[in-house]
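Asks: Okay, here's what each chain looks like letter by letter:
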Amino acid sequence: MNTTRELRVRPIVSGTVIDHIVAGQAINVLRILGITGVSDAVVSMIMNVPSNTLGHKDIVKIENRELKEKEVDKISLISPSTSINIIRDYEVVDKYNVEMPSTVEGMVKCTNPNCISNTNEPVTSKFIVQNDPFRLRCLYCEHVISEQIAQYLL
Amino acid sequence: MEFHRNHIISMKDFTRDEIDYILDRAGKLESLARSGRSDILSGKILALLFYEPSTRTRMSFETAMLRLGGNVLNLGSKDASSVIKGETLADTIRVISTYSDAIVLRHTSEGAAQMAMEFSSVPIINGGDGAGHHPTQTLLDLYTIKRESSLEHPDVAIVGDLKYGRTVHSLTYALSLYGANITFVSPQQLKMPDQIIGDLKARGAHVNETENLDQVLNNIDVLYMTRIQKERFPDPTEYNKVANAYKITNKQLAHVRQNMIIMHPLPRINEIDSSIDNTAHARYFQQSFYGVPIRMALLTIVMGTDI
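Which chain is which? The protein sequence lines are A and B, in order. Here my numbering is used: the first residue of the first sequence is -2, the next is one more, and so on. Here my numbering is used: the first residue of the second sequence is 151, the next is one more, and so on.
Don't read these hints as lab results, they were simulated from the structure. Misleading hints may appear alongside valid ones.
Pulled from the structure, derived: some chain B residues nowhere near chain A, Cβ distances all over 12 Å [said to hold, decoys possible]: (1) G186; (2) F200; (3) A262; (4) M265; (5) F269; (6) G354; (7) N369; (8) N390; (9) N400; (10) H405; (11) F435.
Simulated DEER-style distance windows between Cβ atoms [stated by the list, open to error]: (12) B:D163 to A:Q145: 54 to 60 Å; (13) A:E102 to B:S424: 37 to 43 Å; (14) B:D163 to A:N61: 43 to 49 Å; (15) B:D241 to A:S36: 35 to 41 Å; (16) B:G329 to A:P130: 22 to 28 Å; (17) B:G193 to A:E102: 21 to 27 Å; (18) A:Q127 to B:G329: 46 to 52 Å; (19) B:N394 to A:L151: 45 to 51 Å; (20) A:N61 to B:Q379: 55 to 61 Å; (21) B:S271 to A:P130: 35 to 41 Å; (22) B:S271 to A:D91: 32 to 38 Å.
Every residue gets a Cβ at the ideal spot worked out from N, C-alpha and C, and that includes glycine.
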């Protein structure tokens, strides 16, 4: 069992292990991080591995990169269960769970085509994050996004 | 109660106490709204920025300001202003706010007033933003119900285009603060969005839905009619069918409650037959007038003036 596990998740020297990603969302995590396949980043992606807490989960490992706060906030919107592990010299030097911010600015495009944030006005989109049920409410037009948030990420 | 607010953007910003405060102030200003002129806002300038056509909202704001002794600046048509040169709303607001003491904005995009607030150095009053909010309409609707019926747990039916109608969404929210029993009457394709029904129910509001107007007509205190817009229907036959089903005539009023009032934000097309105009139930023209005291109240509040 250990051998299989090691084959799947080979340790990295330094960088970030993004763990406990909601199964199926790893590709969207890569999109958030701007990893498109044309960069020279060393990236491993594992999807649908068994997880004690989630049933199944995805994992993304990126070498020699630590995430910015805005990237972590975006990940929290599509996968609130995610944990971030910062690795330096094979050691986990920091580990934390993503936390959904109470507001998000300039991260998500409003789905209302007639919203003022979708015009040439000098404003960025702003959403209030609501829980139970989870949804984003546009601060300007009050439209709500409650599903498939990944496709509206800026 | 002390109540100061710089901007009037959405009904959701108001508590019931704040709404009551505005309605009370409108009550104090009503006789002045009917005739005369005061110097309450003497020396103040109100800018009217209307990017969409408007008769009642624009003229009642003008009347309100003139009755209070202030002056009004009008953007005029979009074609005669810098808007046609492609100036952003944000820039227009930045500039106009240096010319005036408050701005009334009507715009085609939802959220325009909220954004204008971020760029303005003077109070913004939302005069309607796309399919979004129209708080001064809601306040005058509430004032009408208070003056002509009762705001204590009224039985209200709201009829017509409940999906796109910008006035009804704010109105239902506000009515829920007064414990109203609300029945939504609309064709299936124009029904109140589930999200709003869900929000209302979560707040403990009493709401029902039906497609049949006659079913509710005899058990309500307030009948709030709205216009069904032809352009919502790709098929004209379908429009005619729906428009006729939600048209009210004098005959249907035979068994309604004696004090039932009929309201409409106007303009109406044919949803209220003109034979109703002279009945004791019609209140839509009074409703239009009540826009003046309500807007006078709001102008004095945002400009921080006691009356």
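Asks: Now look at each hint and say whether the structure bears it out.
Replies: Cross-check of the supplied hints:
Distance to chain A confirms B:G186 as a non-interface residue, since its nearest Cβ pair spans about 39 Å, more than 12 Å. Annotated as non-interface, B:F200 keeps its C-beta farther than 12 Å from every C-beta of chain A; the closest such distance is 16 Å. A beta-carbon of chain A is positioned within 12 Å of the beta-carbon of B:A262; the least distance is around 5 Å. For B:M265, the non-interface assignment is contradicted: its Cβ lies about 5 Å from the closest Cβ of chain A, within the 12 Å cut-off.
Annotated as non-interface, B:F269 brings its C-beta within 12 Å of a C-beta of chain A; the closest such distance is 8 Å. For B:G354, the condition that its CB be more than 12 Å from all CB atoms of chain A holds, with the nearest at approximately 17 Å. The Cβ of B:N369 lies farther than 12 Å from every Cβ of chain A, with a closest approach of about 32 Å, so its non-interface assignment holds. No Cβ of chain A comes within 12 Å of the Cβ of B:N390; the nearest lies about 28 Å off, and the non-interface call holds.
A cut-off of 12 Å between C-beta atoms confirms that B:N400 is not in contact with chain A; the least separation is 39 Å. Remark: the non-interface label on B:H405 is consistent with the geometry, its nearest Cβ contact in chain A lying 39 Å away (cut-off 12 Å). No Cβ of chain A comes within 12 Å of the Cβ of B:F435; the nearest lies about 31 Å off, and the non-interface call holds. One distance hint, 54 to 60 Å for the beta-carbon pair B:D163 and A:Q145, is violated here, with the actual separation near 30 Å.
Distance hint for A:E102 and B:S424: a CB-CB separation of about 51 Å, inconsistent with the stated range 37 to 43 Å. Look at B:D163 against A:N61: about 48 Å separates their beta carbons, and that is inside 43 to 49 Å. Judged by the Cβ atoms, the range 35 to 41 Å given for B:D241 and A:S36 holds: they are separated by roughly 38 Å. The supplied range of 22 to 28 Å is met by B:G329 and A:P130, whose beta-carbon atoms lie about 26 Å from each other.
Separation of B:G193 from A:E102 is about 39 Å and departs from the stated range, judged on CB atoms against 21 to 27 Å. Look at A:Q127 against B:G329: about 25 Å separates their beta carbons, and that is not inside 46 to 52 Å. The supplied range of 45 to 51 Å is met by B:N394 and A:L151, whose beta-carbon atoms lie about 46 Å from each other. For the pair A:N61 and B:Q379, the supplied restraint of 55 to 61 Å holds, since their beta-carbon distance comes to about 58 Å.
For the hinted restraint 35 to 41 Å between B:S271 and A:P130, the CB-CB distance of approximately 39 Å keeps it satisfied. At roughly 44 Å, the beta-carbon separation of B:S271 and A:D91 lies outside the given 32 to 38 Å, and the hint is violated.
Taken one by one, the earlier hints fail for this structure at numbers 3, 4, 5, 12, 13, 17, 18 and 22, listed in ascending order.
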